[in-house]
Amino acid sequence: MDATHKKYLRMNKLPHIWCPGCGDGTIMGSFIRAIDRLGYDKDDVAAVSGIGCSGRITGYLDFNTLHTTHGRALAFATGVKMAKPRLKVFVFMGDGDATAIGGNHLIHSCRRNIDITAIIFNNNIYGMTGGQYSPTTPRDKYATTAPYGTTDPHFDIAKLCIGAGASYVARGTSYHAKMLTDLIVAGAEHKGFSVIEIITHCPVNFGRRNELETPVDMLLWQKDHAVRMAKAEKMTADELADRFIIGELHKADIPEYVEEYDRLIERVQRGDTGRG
Amino acid sequence: MANAKLLQGNEACVFGALAAGVRFFAGYPITPSTEIANIFARELPKLGGKFMQMEDEIASMGAVIGASCTGVKAITATSGPGFSLKQENIGFAAEAEIPCVIIDVMRYGPSTGLPTKSSQGDFMQARWGTHGDHAIIVIAPYTAREAYRETGRAVNMSERYRIPVIILMDEILGHLRERVEFKEEDVVTVVDRKGPAPGVPYLPFEDTDDLIPPFAGFGDGYRYHITGLIHDKTGFPTNDPETINQVMRRMNGKLDRYRDEIVKVKYVDVDDADILIIAFGSVARAAEEVVRSMKKAGKRVGLLRPVTLWPFPDKEIRKAASGKKAVIVPEMNLGQMVREVERAVAGEAPIYPLNKIDGELITPHEISDLIKEIL
Ligand SMILES: Cc1ncc(C[n+]2csc(CCOP(=O)(O)OP(=O)(O)O)c2C)c(N)n1
Ligand code: SF4
Ligand SMILES: [Mg+2]
Numbered sequence: 380m381d382a383t384h385k386k387y388l389r390m391n392k393l394p395h396i397w398c399p400g401c402g403d404g405t406i407m408g409s410f411i412r413a414i415d416r417l418g419y420d421k422d423d424v425a426a427v428s429g430i431g432c433s434g435r436i437t438g439y440l441d442f443n444t445l446h447t448t449h450g451r452a453l454a455f456a457t458g459v460k461m462a463k464p465r466l467k468v469f470v471f472m473g474d475g476d477a478t479a480i481g482g483n484h485l486i487h488s489c490r491r492n493i494d495i496t497a498i499i500f501n502n503n504i505y506g507m508t509g510g511q512y513s514p515t516t517p518r519d520k521y522a523t524t525a526p527y528g529t530t531d532p533h534f535d536i537a538k539l540c541i542g543a544g545a546s547y548v549a550r551g552t553s554y555h556a557k558m559l560t561d562l563i564v565a566g567a568e569h570k571g572f573s574v575i576e577i578i579t580h581c582p583v584n585f586g587r588r589n590e591l592e593t594p595v596d597m598l599l600w601q602k603d604h605a606v607r608m609a610k611a612e613k614m615t616a617d618e619l620a621d622r623f624i625i626g627e628l629h630k631a632d633i634p635e636y637v638e639e640y641d642r643l644i645e646r647v648q649r650g651d652t653g654r655g
Numbered sequence: 191m192a193n194a195k196l197l198q199g200n201e202a203c204v205f206g207a208l209a210a211g212v213r214f215f216a217g218y219p220i221t222p223s224t225e226i227a228n229i230f231a232r233e234l235p236k237l238g239g240k241f242m243q244m245e246d247e248i249a250s251m252g253a254v255i256g257a258s259c260t261g262v263k264a265i266t267a268t269s270g271p272g273f274s275l276k277q278e279n280i281g282f283a284a285e286a287e288i289p290c291v292i293i294d295v296m297r298y299g300p301s302t303g304l305p306t307k308s309s310q311g312d313f314m315q316a317r318w319g320t321h322g323d324h325a326i327i328v329i330a331p332y333t334a335r336e337a338y339r340e341t342g343r344a345v346n347m348s349e350r351y352r353i354p355v356i357i358l359m360d361e362i363l364g365h366l367r368e369r370v371e372f373k374e375e376d377v378v379t380v381v382d383r384k385g386p387a388p389g390v391p392y393l394p395f396e397d398t399d400d401l402i403p404p405f406a407g408f409g410d411g412y413r414y415h416i417t418g419l420i421h422d423k424t425g426f427p428t429n430d431p432e433t434i435n436q437v438m439r440r441m442n443g444k445l446d447r448y449r450d451e452i453v454k455v456k457y458v459d460v461d462d463a464d465i466l467i468i469a470f471g472s473v474a475r476a477a478e479e480v481v482r483s484m485k486k487a488g489k490r491v492g493l494l495r496p497v498t499l500w501p502f503p504d505k506e507i508r509k510a511a512s513g514k515k516a517v518i519v520p521e522m523n524l525g526q527m528v529r530e531v532e533r534a535v536a537g538e539a540p541i542y543p544l545n546k547i548d549g550e551l552i553t554p555h556e557i558s559d560l561i562k563e564i565l
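Chains as they are written, first to last, in this note's numbering: chain A, 380 to 655; chain B, 191 to 565.
Don't read these hints as lab results, they were simulated from the structure. We put the CB at the ideal spot given by N, CA and C, even for glycine. Any given hint could be a false lead.
Stated by the list, open to error - Derived list of chain B stretches under chain A, where covered just means 3 residues or more per stretch with a C-beta under 8 Å from a C-beta of chain A:
1) 250–256
2) 274–285
3) 413–426
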């Protein structure tokens, strides 16, 4: 392990609990390189996570870390950011965490455009509880709660967040590790609510049941199905049908929530109630 | 706050909280607690504090805990349905020992119930609403004046002990507007949570002699981990039976250690009473009226009013109730506090529950009728 990793990890908490070949470790590596590039002081970073395999990441990161309840990481993080705006707040969630039980908090965080960077580990499955289908499991996939295949349609997380008003939305993968670091850096530097959806692999609870026997099979699947934005623009809908686009998908310059509230405080303290 | 004011119970809670240093509120509108959110929204920005209307009560509770993690004093307010929704995160605050205050202005009934009617149906939920063994403090004011002072005390206790504190109001008290004359004893002093000692390594969940680990706010230069998983003194998850036992006993043990500071009971004519009424919140107002009118009629009736509901004032109740001809427990529910009274009194006096569940306040008349029946 190199010095950069050592600098940001709680070495005495390793080895981590993730299964061999899991994408979560790769994502943690990309995140650490992003933080290093951002140059943030470790004391100024708050890392907040939900419950799931992905949620365990906060235990290993040497920042102010908060491992919350299932689905609620964004709610806790909103309180952290509002109460102490100088903190750089990152939120780590699983796909179930973010879009099932926590879906309401996700769309409302997008709407508020609060300056938080949300990193969603989309492995298309409930990893921690043993492979039940999630709102992002595609149709006709197998899960412990879908022994005959799924019949539920699934969410496109990035689209959902763009629709809900997030001002920065990107999609990366656990295969394109360098690109992921770039996306996290850009998301963090963007003022407002940033979402980075990461297509990642759970070999144990998704791959094995869905004809992607090994972690390598899963990574190759990502490589074959991911299309960069520039290329996608030249492709037809048919060509894109079973693929997904990676890179920066959406960026908007809109007012940020904490700054707006601080302006309100300043105005009220001047005696200006805004009613003229 | 030295002069007379016309205050609603809900309003008084807000000013008590602000006096104790609360600077963050997150909530979701719900009758009959809504005025609390409205007034915080108006007052907090004036003080540089922050108000947030969240997407639901679960988020509100989460945001309150998040704000408190940075060292800012935080509060939320709700009623029945919202109180139920908050429970999982209240358990998180208990397990992670994050100071916070939750005001529950009780309405009648389970589910949506009767939004505009009063009850005391959340007595047990306030103590046991979240799963698992946990420390929690519950207090119940009975006037607007006391709502002010006790909300201040709630904030202070939560900061000092690192235990979530619940204030049980009820619709009647929340909405009642009354003249409040603040006196010297109503001044809310500000108590801050204990910080880390300088020069020694920081253990966020240290087994200190006082059982209360020092608190460092996020961003204050101590990087540590907060989790709802059972954790050791460093804050990291543990599965070690010995550690689990030690940590959980310490956390829950705070209630025993500080019980006498936390428990507050008010007595009216208890010592030479033949009949003792035990009542809290709005019902205690009716009971006070009964004590007065009975006295005029030459009958010796006393009132014991628990201001702290949990930890339950069992010692005090046993002492006051022993040898009485009757102990009457009027409640706006089907009998929740009476179970605790029975446990406390342990057969030392006959106990008569008086329950009303139609959303209306128990009247002095109904209590005196029962007394006359007994006598
Ligand atoms: C309120 C609540 N409901 C259910 C659970 C059980 N649970 C723990 S993790 C999890 C799903 C995790 O899936 P995901 O969010 O996709 O994260 P992953 O493990 O795949 O990283 C569930 C259902 C819980 N901890 N809390
Ligand atoms: S169950 Fe899946 S997501 Fe969880 S650690 Fe194992 S491989 Fe990773
Ligand atoms: Mg998942």
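Hint by hint, here is what the structure shows:
1. For the region 250–256 of chain B, the assignment as covered by chain A holds, since 7 residues bring a beta-carbon within under 8 Å of that chain's beta-carbons and 3 suffice.
2. Against chain A, the region 274–285 of chain B contributes 3 residues with a C-beta closer than 8 Å to a partner C-beta. That satisfies the three-residue criterion, and the hint holds.
3. Given as covered by chain A, the region 413–426 of chain B passes the check, having 8 residues with a CB less than 8 Å from a CB of that chain where 3 are the minimum.
The structure meets every hint from the earlier list without exception.
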